[in-house]
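Trainee: Sequence:
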Amino acid sequence: MILFLDDTGFTDCNQSAVSAFGYSSKQDVLYRKPWEISPERQPDGRLSSEKAEEMIARALQKGYNRFEWVHIKSDGTEFPVEVMLTSISVKGKQSYYALLRDITERKKTQKALEESENLLKESQAIAGLGNYTWNLSSGLWSSSKILDDIFGIGQNYDRSFKGWTNLIHPAWREIMSAYVTEEVVGKHQRFDKEYKIVRNDNGAEAWVHGLGVLEYDNNKRPIKLIGTIS
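Counting from 0, one number per residue, gives the positions in the sequence shown under numbering that gives the first Met the number 0.
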């Protein structure tokens, strides 16, 4: 969708824009203000021009502005768009070129992904299942909130290999260190082990079950260990 606008409103557009807004002719779109096809409203119900004016001002300041917006079709339904607004001069008058892309499907996909991620987090919380990613190059690992709760650690805990072994019960520390370095990383085996830990926050002992699989680079060298701990 392509539209041109200045301080009088939309001065020109292509047929794709006309159809997207649900109108039958270009004349239905021309000289409307941008906020007349935007759902932003003031408390009294009137259409608000503030956000649209802000986006236009940014385009004037930088020469362009890229942002997401929501527009209203002629039947009152709303649809999301990605806008690339470029500041131009037409016959010496300050104007703007707007390239719009309907992102309805992208928003649906994002929403479905967010719902799926939320469901996964809820399921992991119910099951007491934490997840981690260990970067073999840096030697550092990241962890989910549930895993932090299992280990009794905070955001500033040392997430290095030593930091992990320090959480393991002394009787199991040497066994688990050798298991990871020799069997999992050394022989490219799947991580599947029950072991004993000592929680960092209160010193309580607990048994955990760790699972993990390696990821490899193009030369089939292990680069990450990704897994869960329950």
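Derived from the structure by calculation, the hints contain no laboratory data. Check each hint, because a few of them may be wrong.
Capping the alpha-carbon separation at 20 Å, the derived lysine to any residue pairs in SDA-like fashion look like this [said to hold, decoys possible]:
#, residue 1, residue 2
1, 107, 77
2, 106, 77
3, 195, 167
4, 107, 80
5, 107, 91
6, 223, 92
7, 50, 61
8, 72, 17
9, 92, 117
10, 90, 30
11, 161, 108
12, 90, 62
13, 223, 141
14, 161, 225
15, 192, 176
16, 72, 101
17, 144, 131
18, 144, 162
19, 186, 206
20, 92, 59
21, 144, 206
22, 161, 92
23, 61, 28
24, 106, 82
25, 107, 92
Cβ pair distances, simulated, as ranges [unchecked claim]:
#, residue 1, residue 2, range
26, 160, 56, 40 to 46 Å
27, 24, 116, 40 to 46 Å
28, 141, 14, 25 to 31 Å
29, 110, 184, 35 to 41 Å
30, 72, 157, 30 to 36 Å
31, 186, 100, 46 to 52 Å
32, 173, 141, 23 to 29 Å
33, 90, 23, 25 to 31 Å
34, 110, 72, 15 to 21 Å
35, 111, 50, 24 to 30 Å
36, 59, 155, 41 to 47 Å
Values in this document were obtained by computation on a predicted structure and should not be read as measured data. Glycine included, every Cβ here is placed at the ideal spot set by N, Cα and C.
Trainee: Could you run down the list of hints and mark each one as holding or not?
Mentor: Hints, one by one, checked against the model:
1. 107 - 77: Distance ~14 Å between residue 107 and residue 77 Cα, so the pair holds.
2. 106 - 77: Holds, at roughly 13 Å.
3. 195 - 167: 6 Å, holds
4. 107 - 80: 13 Å, holds
5. 107 - 91: 42 Å, violated
6. 223 - 92: The given pair, whose Cα atoms are some 57 Å apart, is violated under the 20 Å limit.
7. 50 - 61: 17 Å, holds
8. 72 - 17: 10 Å, holds
9. 92 - 117: Distance of about 50 Å is beyond 20 Å: violated.
10. 90 - 30: 18 Å, holds
11. 161 - 108: The given pair, whose Cα atoms are some 40 Å apart, is violated under the 20 Å limit.
12. 90 - 62: 17 Å, holds
13. 223 - 141: Distance ~11 Å between residue 223 and residue 141 Cα, so the pair holds.
14. 161 - 225: 18 Å, holds
15. 192 - 176: 12 Å, holds
16. 72 - 101: 12 Å, holds
17. 144 - 131: 10 Å, holds
18. 144 - 162: With a Cα-Cα distance of about 17 Å, the restraint between residue 144 and residue 162 holds, given a limit of 20 Å.
19. 186 - 206: Not OK: residue 186 and residue 206 at ~25 Å, beyond 20 Å, violated.
20. 92 - 59: Holds, at about 13 Å.
21. 144 - 206: Roughly 18 Å separates the two Cα atoms, so the pair holds.
22. 161 - 92: 65 Å, violated
23. 61 - 28: 27 Å, violated
24. 106 - 82: 15 Å, holds
25. 107 - 92: 39 Å, violated
26. 160 - 56: 40 to 46 Å: Taking Cβ atoms as reference, residue 160 and residue 56 lie about 51 Å apart, which means the hint is violated.
27. 24 - 116: 40 to 46 Å: Holds - the Cβ-Cβ distance for residue 24 and residue 116, about 44 Å, lies within 40 to 46 Å.
28. 141 - 14: 25 to 31 Å: At roughly 49 Å between Cβ atoms, residue 14 and residue 141 fall outside 25 to 31 Å, so the hint is violated.
29. 110 - 184: 35 to 41 Å: 39 Å, holds
30. 72 - 157: 30 to 36 Å: Violated, at about 55 Å.
31. 186 - 100: 46 to 52 Å: About 50 Å separates the Cβ atoms of residue 186 and residue 100, which means 46 to 52 Å holds.
32. 173 - 141: 23 to 29 Å: With a Cβ separation near 25 Å, residue 173 and residue 141 satisfy 23 to 29 Å, so the hint holds.
33. 90 - 23: 25 to 31 Å: 29 Å, holds
34. 110 - 72: 15 to 21 Å: Once the Cβ atoms are compared, 20 Å apart, the range 15 to 21 Å for residue 72 and residue 110 holds.
35. 111 - 50: 24 to 30 Å: With Cβ atoms ~27 Å apart, the hint holds.
36. 59 - 155: 41 to 47 Å: Cβ of residue 59 to Cβ of residue 155: about 44 Å, so the range 41 to 47 Å holds.
Hint violations for this structure: numbers 5, 6, 9, 11, 19, 22, 23, 25, 26, 28, 30, all remaining hints satisfied.
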